[in-house]
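Residue strings, one per chain:
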Amino acid sequence: MGIYEAILLTVITAATPLVLAAIGELVTERSGVLNLGVEGMIIMGAACAFIATQLTGSPYIGILAGIAAGALFSLLFGFLTLTLVANQVATGLALTILGLGVSSMIAEPYLGQSGIKLPQIVFPVLSDIPFLGAVLFKQDLIFYLSIALVAGVNWFLFKSRAGLKLRSVGDSHASAHALGINVIRTRYLAVMFGGACAGLAGAQLSLVYTPQWAENMSAGRGWIALALVVFASWRPWRIIAGGYLFGAVSISQLYVQARGIDIPSQFLSALPYLATIIVLILISHNRRTTLINTPASLGKSFVPDR
Amino acid sequence: MKKLLFALATTAAVIGFFAGAYAADKAKVCFVYVGSKTDGGWTQAHDIGRLELEKALGDKIETQFLESVPEGPDAERAIERLARSGCGLIYTTSFGFMDATVKVAAKFPDVKFEHATGYKTAPNLATYNSRFYEGRYIQGQIAAKISQKGVAGYIASFPIPEVVMGINAFVTGARSINPDFKIKVVWANTWFDPGKEADAAKALIDQGVDVLTQHTDTTAPMQVAAERGIKAFGQASDMIKAGPETQLTAIVDTWGAYYIKRTQLFLDGKWETSSSWDGLKDGILTMAPYTNMPDDVKALAEATQKKIESGELKPFTGPLKKQDGSEWLAAGASSDDGTLLGMNFYVEGVDDKLPK
Chain A
21 MGIYEAILLT
31 VITAATPLVL
41 AAIGELVTER
51 SGVLNLGVEG
61 MIIMGAACAF
71 IATQLTGSPY
81 IGILAGIAAG
91 ALFSLLFGFL
101 TLTLVANQVA
111 TGLALTILGL
121 GVSSMIAEPY
131 LGQSGIKLPQ
141 IVFPVLSDIP
151 FLGAVLFKQD
161 LIFYLSIALV
171 AGVNWFLFKS
181 RAGLKLRSVG
191 DSHASAHALG
201 INVIRTRYLA
211 VMFGGACAGL
221 AGAQLSLVYT
231 PQWAENMSAG
241 RGWIALALVV
251 FASWRPWRII
261 AGGYLFGAVS
271 ISQLYVQARG
281 IDIPSQFLSA
291 LPYLATIIVL
301 ILISHNRRTT
311 LINTPASLGK
321 SFVPDR
Chain B
151 MKKLLFALAT
161 TAAVIGFFAG
171 AYAADKAKVC
181 FVYVGSKTDG
191 GWTQAHDIGR
201 LELEKALGDK
211 IETQFLESVP
221 EGPDAERAIE
231 RLARSGCGLI
241 YTTSFGFMDA
251 TVKVAAKFPD
261 VKFEHATGYK
271 TAPNLATYNS
281 RFYEGRYIQG
291 QIAAKISQKG
301 VAGYIASFPI
311 PEVVMGINAF
321 VTGARSINPD
331 FKIKVVWANT
341 WFDPGKEADA
351 AKALIDQGVD
361 VLTQHTDTTA
371 PMQVAAERGI
381 KAFGQASDMI
391 KAGPETQLTA
401 IVDTWGAYYI
411 KRTQLFLDGK
421 WETSSSWDGL
431 KDGILTMAPY
441 TNMPDDVKAL
451 AEATQKKIES
461 GELKPFTGPL
471 KKQDGSEWLA
481 AGASSDDGTL
491 LGMNFYVEGV
501 DDKLPK
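Protein chains in written order, with the working numbering: chain A, 21 to 326; chain B, 151 to 506.
Keep in mind the hints are simulated off the structure, nothing from the lab. Treat the hints loosely; a few may be bogus.
[Stated by the list, open to error] SDA-like cross-link-like pairs, simulated, lysine to any residue; straight-line CA separation at most 20 Å: (1) K503/B with L490/B; (2) K299/B with S326/B; (3) K391/B with E128/A; (4) K391/B with Y130/A; (5) K299/B with R279/A; (6) K137/A with E395/B; (7) K137/A with R378/B; (8) K332/B with R279/A; (9) K137/A with I390/B; (10) K187/B with G121/A; (11) K503/B with A290/A; (12) K431/B with L463/B; (13) K503/B with R279/A; (14) K503/B with P284/A; (15) K457/B with D428/B; (16) K332/B with V276/A.
Using the sequences plus the hints, can you model the full thing?
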């Protein structure tokens, strides 16, 4: 295995949780809900996936547990912001803090245990393709899922009737409501989808990236996922581009250091964030495309008038 | 709902206050932690020390702790709250609590303070630290014996003297066995991020290091080393569970002995300010069992440990050169503590440029 293959594999592992959490949040935001609790949902997913795997011995059950944990946790957010019409920003932040606390409490007995790594699924023939074969067709289930989810979300949002309804809820909940679309139900489903994806991202952290449990192991990835959604200007395929760009920059700086190339490491550590800022500036430069893609009702609470 | 919560919180606070006052017949010893007490690393080591203290002197004292206290202005408030609530002796266990501890100590002259890894003292403020570098010197020797390629990987956190000192100790140990030994350093610029630490480990292994050590807090690098089939060293606590066939040894922080000694002095009324910097011989630092290595290497490591404990061997003893080739220590000369505590240069053999 050459060094470039090795770097690519590391990049994929680093980018997958970002892509997963971001694609979920993209759907949530497309329905007009801003959920800042991504970090909290990821860490709950990571904790529950790890616990379930240790209890049953099957990382696949762990994945299901992670998804369920993320979805259930997001339901709490949904209840507070959609049913009780609480402020979305404050509730999202609270969800993150709560998730960090609850996860360290429930997973405490599992600290320091070595987990079970999710096995690779190898596609025969395809995986023999030189270079790309080993990178793309010798991966774990969660990687394949992340790509499939992005493709699926893209199709759903722009090719399906339900997706059109979801986008209309996000753009103008009053008009959607007038058309007879159930705004609250649509948003509940979108929030739960976001939670499930964040939970899956968490499962990737504690089953693939580093098969172990450590408190606060999401280490800010939820916030990067949130930035990625804006970075992608709410377009699914751009999530992959953004996620992998971010992963590539943050990983290659470690390889540059290990090679002993003389660039200040603090600068290299800041590079991924710098790249994000530059891209955001470039994107926001064109106001029209930004406006077309931004859900117009993002962050606004909806109270049906009766 | 809000009123109810407020009422509950107030009640809890009042009960807490009286409960605190009621138990005042026992001396109260308090701890301020930067992380959670179950972080599996730095803070957990301090909490184990606290539990040992309770076990040893539990009939005369009671302990209290605040965990996950952020460094900065919040720390000052937290420490002050403890001082006000009747703590007689307060241990603040992170470098970043230094200025906050100094300020609160000035306000409460009757309360004794102990600050870990800092350098500012006062009549009622002592500092304590551990000579972690002694353990890293032994690790370096083991690495030089184990490594086939003569290159070790070092995952570092932040370019502060403590970390630079560790790197230098490791290289010095390794070069005492193999004068051509080199290390590659990757700065993760974090103390705690399992993912990033794992990535750093992969980057180092992909570029040919065959033994790994770390100055970050999670077991992720150990796991990667196990996966790739190379050997590694644990940090802050025994990480053997993460790599039963990988860990060679680990530097284990054992603060308990120090806490018991100082608290006893406090109870006897003999507590005085001091700047303690103990090492292997005082038991503040211990080595996890030497495992996964040939017997002769193990014997060498044990012998070196004995020599350091007896004071026969000082890790930083000349002839030693700085990275740029200029002389640092002449043959036979040992470094003074001041240079070590402010260390801002590499010794020869580090394949990296020190970040400024």
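Hints versus structure:
Between K503/B and L490/B, the direct Cα distance comes to roughly 19 Å. Compliance with the 20 Å bound is thereby established for this hinted pair. Proximity of K299/B to S326/B is assessed by CA-CA distance (about 16 Å); at most 20 Å being required, the pair is judged to hold. In summary, the hint linking K391/B to E128/A is supported, as the alpha carbons are separated by about 16 Å, within the 20 Å threshold. Our distance criterion of 20 Å between C-alpha atoms is met by K391/B and Y130/A, whose separation comes to about 12 Å.
In summary, the hint linking K299/B to R279/A is supported, as the alpha carbons are separated by about 15 Å, within the 20 Å threshold. A distance of roughly 17 Å separates the Cα atoms of K137/A and E395/B; the hinted pair therefore holds under the 20 Å criterion. Our distance criterion of 20 Å between C-alpha atoms is met by K137/A and R378/B, whose separation comes to about 14 Å. Restraint check for K332/B and R279/A: satisfied, since their Cα atoms lie roughly 13 Å apart, inside the 20 Å limit.
With a C-alpha separation of about 18 Å, the suggested pair K137/A and I390/B falls inside the 20 Å cut-off, and the hint holds. Our distance criterion of 20 Å between C-alpha atoms is met by K187/B and G121/A, whose separation comes to about 13 Å. With a CA separation close to 18 Å, the supplied pair K503/B and A290/A stays within the 20 Å bound. At roughly 12 Å between alpha-carbon atoms, K431/B and L463/B fall within 20 Å of each other, so this suggested pair holds.
A distance of roughly 11 Å separates the Cα atoms of K503/B and R279/A; the hinted pair therefore holds under the 20 Å criterion. For the suggested pair K503/B and P284/A, the alpha carbons sit about 8 Å apart, so the restraint of at most 20 Å is met. Taking the CA atoms of K457/B and D428/B, the gap is near 15 Å; set against the 20 Å cutoff, the hint holds. Between K332/B and V276/A the alpha-carbon distance is near 17 Å, which keeps this suggested pair within the 20 Å criterion.
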